[in-house]
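When you get a sec, could you build the whole thing from the sequences and use the hints?
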Amino acid sequence: MPQLPLETKLIACRSDNYAVLAHDKEANLTFLVDVPEADAVRKALQETGWTLTHILITHHHHDHVEGLAAIKAETGAKVIGPADSKDKIPQIDEPVSDGDAFKLGDQDVYILGTPGHTLDHVCYWLPKAQLAFTGDTLFVMGCGRVFEGTLKDMWFAVDKLAKLPPETTFFCGHEYTEANGNFCLTIEPENELLKQRMEEIRELRAKGLPTVPSTILDELTTNVFLRANDPDLKESLGMAGAEDWEVFAEIRTRKDNA
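Each residue of the sequence shown is one higher than the last, beginning at 142 in the working numbering.
Treat the hints loosely; a few may be bogus.
Simulated restraints on C-beta separations [what the hints assert, rightly or not]:
| hint | residue 1 | residue 2 | range |
| --- | --- | --- | --- |
| 1 | 289 | 350 | 30 to 38 angstroms |
| 2 | 229 | 166 | 15 to 23 angstroms |
| 3 | 249 | 289 | 24 to 32 angstroms |
| 4 | 150 | 210 | 18 to 26 angstroms |
| 5 | 351 | 260 | 27 to 35 angstroms |
| 6 | 236 | 337 | 39 to 47 angstroms |
| 7 | 333 | 210 | 43 to 51 angstroms |
| 8 | 361 | 217 | 36 to 44 angstroms |
| 9 | 397 | 184 | 30 to 38 angstroms |
| 10 | 215 | 337 | 38 to 46 angstroms |
| 11 | 387 | 229 | 26 to 34 angstroms |
| 12 | 180 | 288 | 41 to 49 angstroms |
| 13 | 236 | 350 | 34 to 42 angstroms |
| 14 | 167 | 234 | 18 to 26 angstroms |
Using 30 angstroms as the maximum straight-line C-alpha spacing, the simulated BS3-like pairs for lysine-lysine come out as follows [unchecked claim]:
| hint | residue 1 | residue 2 |
| --- | --- | --- |
| 15 | 304 | 293 |
| 16 | 396 | 301 |
| 17 | 244 | 301 |
| 18 | 336 | 227 |
| 19 | 166 | 150 |
| 20 | 293 | 227 |
| 21 | 213 | 150 |
| 22 | 336 | 304 |
| 23 | 227 | 150 |
| 24 | 227 | 184 |
| 25 | 304 | 150 |
Everything labelled a hint here was simulated from the structure, so no lab data went into it.
These figures come from a predicted structure and were not determined experimentally.
Backbone N, C-alpha and C fix where the C-beta goes; we use that ideal spot for every residue, glycine too.
Listed below in structure tokens is the structure:
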């Protein structure tokens with residue numbers, strides 16, 4: 142994993158959620174992405190000694206905001222989150238939408254609207270730091286279930302993230318990788334890079350270690366949801382003439398029914 146210009150700390154929460162702290166020593170700021178629970182965040186802040194200044198929210202689901210009110214009240218951190226959920230997340234101070242941008246210290250932060258899992262879902266991209274925070278849109282070797290948008294929406298959301306620079310490191314909201322990878326193998330059983338990666342994933346999980354973060358490059362080669370536009374994959378599914386989103390929809394439907 143490349144050395145990141147921001148120091149990051151992955152925070153395991155609940156049964157399989159992740160939050161992330163990112164610290165900019167030069168700017169003396171620390172931001173948190175999502176707040177699945179307050180206690181785990183408090184512990185991480187104590188361990189690092191960092192002072193929380195900002196909270197970035199990806200979407201309104203309870204397992205991403207349960208601890209938000211408490212952590213905001215305790216730290217006074219500024220909350221940035223999806224404009225479409227201002228009524229559902231009253232703690233939001235700065236509502237943002239697709240195409241917006243703001244600065245955190247020396248870092249430009251770009252908002253990528255990614256409706257599909259939820260209609261309000263946004264991801265955060267920091268190009269200078271080569272970092273992205275993808276919530277429940279893009280997982281390691283997977284993608285989120287479609288609850289509020291359409292399968293077509295979700296394809297364009299994950300494809301938008303697939304077009305980020307391949308060296309981008311991304312953090313997602315859940316530890317679903319082993320199950321995701323096992324499913325990917327049912328779609329591409331002869332993908333050598335995927336088979337090799339799954340050996341590494343199984344070793345990590347056997348030791349109780351996280352599989353997050355990942356890189357866009359690794360996903361482009363092993364995540365079948367991002368590979369719905371690959372001609373060989375289309376042909377193997379008997380969908381050679383289909384639109385990319387239709388192939389994605391078939392794969393996502395198979396995962397839902399697995």
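Verification of the supplied hints:
1. 289 - 350: 30 to 38 angstroms: Holds, since residue 289 and residue 350 (Cβ atoms, about 33 angstroms apart) stay within the stated range.
2. 229 - 166: 15 to 23 angstroms: 34 angstroms, violated
3. 249 - 289: 24 to 32 angstroms: Hint holds: Cβ distance 29 angstroms, inside 24 to 32 angstroms.
4. 150 - 210: 18 to 26 angstroms: With Cβ atoms ~22 angstroms apart, the hint holds.
5. 351 - 260: 27 to 35 angstroms: 29 angstroms, holds
6. 236 - 337: 39 to 47 angstroms: The hinted range 39 to 47 angstroms holds for residue 236 and residue 337, with Cβ atoms some 43 angstroms apart.
7. 333 - 210: 43 to 51 angstroms: At roughly 48 angstroms between Cβ atoms, residue 210 and residue 333 fall inside 43 to 51 angstroms, so the hint holds.
8. 361 - 217: 36 to 44 angstroms: 40 angstroms, holds
9. 397 - 184: 30 to 38 angstroms: 35 angstroms, holds
10. 215 - 337: 38 to 46 angstroms: 44 angstroms, holds
11. 387 - 229: 26 to 34 angstroms: At roughly 32 angstroms between Cβ atoms, residue 229 and residue 387 fall inside 26 to 34 angstroms, so the hint holds.
12. 180 - 288: 41 to 49 angstroms: 27 angstroms, violated
13. 236 - 350: 34 to 42 angstroms: For residue 350 against residue 236, whose Cβ atoms are near 36 angstroms apart, the range 34 to 42 angstroms holds.
14. 167 - 234: 18 to 26 angstroms: Cβ of residue 167 to Cβ of residue 234: about 24 angstroms, so the range 18 to 26 angstroms holds.
15. 304 - 293: 17 angstroms, holds
16. 396 - 301: The given pair, whose Cα atoms are some 21 angstroms apart, holds under the 30 angstroms limit.
17. 244 - 301: Holds - the C-alpha atoms of residue 301 and residue 244 are around 21 angstroms apart, at most 30 angstroms.
18. 336 - 227: 43 angstroms, violated
19. 166 - 150: It holds: about 14 angstroms lies between the C-alpha atoms, which stays within 30 angstroms.
20. 293 - 227: At roughly 25 angstroms apart (the allowed maximum being 30 angstroms), residue 227 and residue 293 satisfy the hint.
21. 213 - 150: Holds - the C-alpha atoms of residue 150 and residue 213 are around 19 angstroms apart, at most 30 angstroms.
22. 336 - 304: 24 angstroms, holds
23. 227 - 150: 27 angstroms, holds
24. 227 - 184: OK: residue 227 and residue 184 at ~28 angstroms, within 30 angstroms.
25. 304 - 150: 25 angstroms, holds
In this structure, the hints that do not hold are numbers 2, 12 and 18, in rising order.
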